[in-house]
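S.K.: The opening position of the sequence shown corresponds to residue 33 in the working numbering, with each subsequent residue numbered one higher.
Calculated directly from the structure, the hints in this document are not laboratory data.
Backbone N, C-alpha and C fix where the C-beta goes; we use that ideal spot for every residue, glycine too.
The reader is advised that the hints may include incorrect statements.
[What the hints assert, rightly or not] Here are the computed distance ranges between Cβ atoms for each label pair:
#: 1; residue 1: Cys43; residue 2: Asn77; range: 48 to 58 Å
#: 2; residue 1: Ala95; residue 2: Glu55; range: 46 to 56 Å
#: 3; residue 1: Gly93; residue 2: Leu71; range: 30 to 40 Å
#: 4; residue 1: Lys36; residue 2: Ile68; range: 44 to 54 Å
#: 5; residue 1: Glu98; residue 2: Ile63; range: 34 to 44 Å
#: 6; residue 1: Leu53; residue 2: Gly76; range: 27 to 37 Å
#: 7; residue 1: Leu53; residue 2: Cys88; range: 47 to 57 Å
#: 8; residue 1: Leu65; residue 2: Ile85; range: 28 to 38 Å
#: 9; residue 1: Gln72; residue 2: Cys97; range: 38 to 48 Å
#: 10; residue 1: Ser52; residue 2: Ile89; range: 46 to 56 Å
#: 11; residue 1: Gly76; residue 2: Cys97; range: 38 to 48 Å
#: 12; residue 1: Lys36; residue 2: Val74; range: 34 to 44 Å
#: 13; residue 1: Val60; residue 2: Phe82; range: 13 to 23 Å
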Amino acid sequence: MVLKAWTALECRLEEESGASLVEYALLVALIALVAIAALQTVGGNVSQEFDNIANCIDNPGAAGCETGGP
Numbered sequence: 033m034v035l036k037a038w039t040a041l042e043c044r045l046e047e048e049s050g051a052s053l054v055e056y057a058l059l060v061a062l063i064a065l066v067a068i069a070a071l072q073t074v075g076g077n078v079s080q081e082f083d084n085i086a087n088c089i090d091n092p093g094a095a096g097c098e099t100g101g102p
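Using the sequences plus the hints, can you model the full thing?
M.R.: Below you can see the structure in the form of structure tokens.
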């Protein structure tokens with residue numbers, strides 16, 4: 033009886049393990065694509081801001097560079 037239940041459980045797990053692996057692989061790929069797209073967008077914006085800051089340090093009177101406080 034126990035052996036029959038164990039065999040049935042093994043067959044059930046073997047049938048779904050391939051599908052589960054594919055599902056997890058697709059989820060990981062989707063998450064990776066979203067992360068890459070987000071990092072590229074944010075990275076470009078951050079890079080532009082650092083370029084603006086460097087420009088203001090080199091040329092304090094340039095357009096877009098605010099001097100002084102409130």
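S.K.: So which of the earlier hints does this model not fit?
M.R.: Structure breaks hints 9, 11, 12, 13.
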